[in-house]
Amino acid sequence: MSRKEALSNFIQQIHARPVVVKLNSGVDYRGVLACLDGYMNIALEQTEEYVNGQLKNKHGDAFIRGNNVLYISTQKRRV
Amino acid sequence: MLGEDYDNLPSITVKEPLDLVRLSLDERIYVKMRNDRELRGRLHAYDQHMNMVLSDAEETITTVEIDEETYEEVYRSTKRTIPMLFVRGDGVILVSPPMRTG
Amino acid sequence: MSTMPVNSSTLLPLELVDKCIGSRIHIIMKNDKEIVGTLLGFDDFVNMLLEDVTEYETTPEGRRVTKLDQILLNGNNITMVIKKNNNNTRPNHTNNIAPSSFELLHPINCKKK
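Protein chains in written order, with full-length UniProt numbering: chain A, 1 to 79; chain B, 1 to 102; chain C, 1 to 113.
Same shape as in the complex, but just chain A (with noise of 0.2 Å):
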């Protein structure tokens, strides 16, 4: 099933990596995936929370329940 190797590839490859990870309610918040578990729970290093664009909190560590997430995007990586 080449379609799911894709997915655990993504998911293997973000660890560490800068994200942008964007909730249902259109708040976003950016910071270094620790991890990501089947329910899509987050955890993010760094998180800084953005409100329309505009920076409104940071966190050191957060724990992202994973109903509420609608994406999780990263930067292609440039070589």
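Bear in mind the hints are in silico, worked out from the structure with no lab data behind them.
One or more hints might be untrue.
Stated by the list, open to error - The list that follows gives simulated cross-link-like pairs (lysine-lysine, DSS-like), each with its CA atoms no further than 27 Å apart:
no. : chain 1 : residue 1 : chain 2 : residue 2
1   : A       : K58       : B       : K79
2   : A       : K4        : C       : K33
3   : C       : K84       : A       : K4
4   : C       : K67       : A       : K4
5   : A       : K56       : C       : K67
6   : A       : K56       : C       : K33
7   : A       : K56       : B       : K79
8   : C       : K84       : C       : K30
9   : C       : K30       : A       : K4
10  : A       : K4        : B       : K15
11  : A       : K4        : C       : K19
Given the structure of chain A, go ahead and fit chains B and C onto it with the hints provided.
What follows is chains B and C alone, placed relative to chain A:
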């Protein structure tokens, strides 16, 4: 003694997201809830749903009102303290342990 | 009592999504949000891995467009998936499905009168 400090830094590996919450047991944490509510309190217990028990909790409720004359958005926050609180996990958005400094 | 007729042309919904891998797709989300991107993969929950993504959302301030490189999209809020009929991606091998069946589902093409 120096070794102890080092042990506390990288050896605490977060293998799954819930480990981050486990490491916050008995610490004062920040919880962002749905409906513009925030909680700060000492974490006594949690489970896989993120149901939690907090003590000495402070709840902050933020409401937005539109000023009728200037049409400006006015943010108003109401606070209350609760000695012991059970939090149902489905309302939880984010849990953050206190900043680890030093 | 009878089960669904076993017909070689019967296609499971997820097989339809599978045929979109490598193609540009248009995703309609529950909350008036739309996402366009190239589908790289998905799982049983239809969580999707997408590349070269554009997100369209309607906010009180108006329409907002966000460009993203790669996203893992939570399948929870997906309502519809539409394959874009483009020619610049890898050749598609959708022999069983006429491309027009996707166009019919395309809401952009269904302008309200």
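Query raised in the report: Is the straight-line distance between the alpha-carbon of K4 of chain A and that of K33 of chain C 27 Å or less?
Result: Cα-Cα ~25 Å, so holds.
Report task. Please work out if K84 of chain C and K30 of chain C have their alpha carbons no farther apart than 27 Å. Result -> Satisfied, since the Cα-Cα distance of roughly 20 Å is no more than 27 Å.
Query raised in the report: Given the hinted pair K56 of chain A and K79 of chain B, is their alpha-carbon gap at most 27 Å?
Result: Distance of about 19 Å is within 27 Å: holds.
Query raised in the report: Going straight from one Cα to the other, do K56 of chain A and K67 of chain C come out at no more than 27 Å?
Result: holds, 22 Å
Query raised in the report: Hey, K4 of chain A versus K19 of chain C, does the alpha-carbon distance stay inside 27 Å?
Result: holds, 14 Å
Report task. Would you check the hint for K84 of chain C and K4 of chain A, treating anything up to 27 Å between C-alpha atoms as holding? Result -> Roughly 22 Å separates the two Cα atoms, so the pair holds.
Requested in this report: Would you mind confirming whether the straight-line C-alpha gap from K30 of chain C to K4 of chain A stays at or under 27 Å?
Outcome: holds, 24 Å
**Report entry** 27 Å limit on alpha-carbon distance, applied to hinted pair K58 of chain A and K79 of chain B
**Finding:** holds, 21 Å
Query raised in the report: Given the proposed pairing of K4 of chain A with K15 of chain B, does the C-alpha separation stay at or below 27 Å?
Result: Since the Cα atoms of K4 of chain A and K15 of chain B sit roughly 22 Å apart, the hinted pair holds (cutoff 27 Å).
Query raised in the report: CA of K67 of chain C to CA of K4 of chain A, is that 27 Å or under?
Result: At roughly 24 Å apart (the allowed maximum being 27 Å), K4 of chain A and K67 of chain C satisfy the hint.
Requested in this report: Below or equal to 27 Å on CA atoms is what counts here, so check K56 of chain A against K33 of chain C.
Outcome: With a Cα-Cα distance of about 23 Å, the restraint between K56 of chain A and K33 of chain C holds, given a limit of 27 Å.
The earlier numbered hints are all upheld by this structure, with none contradicted.
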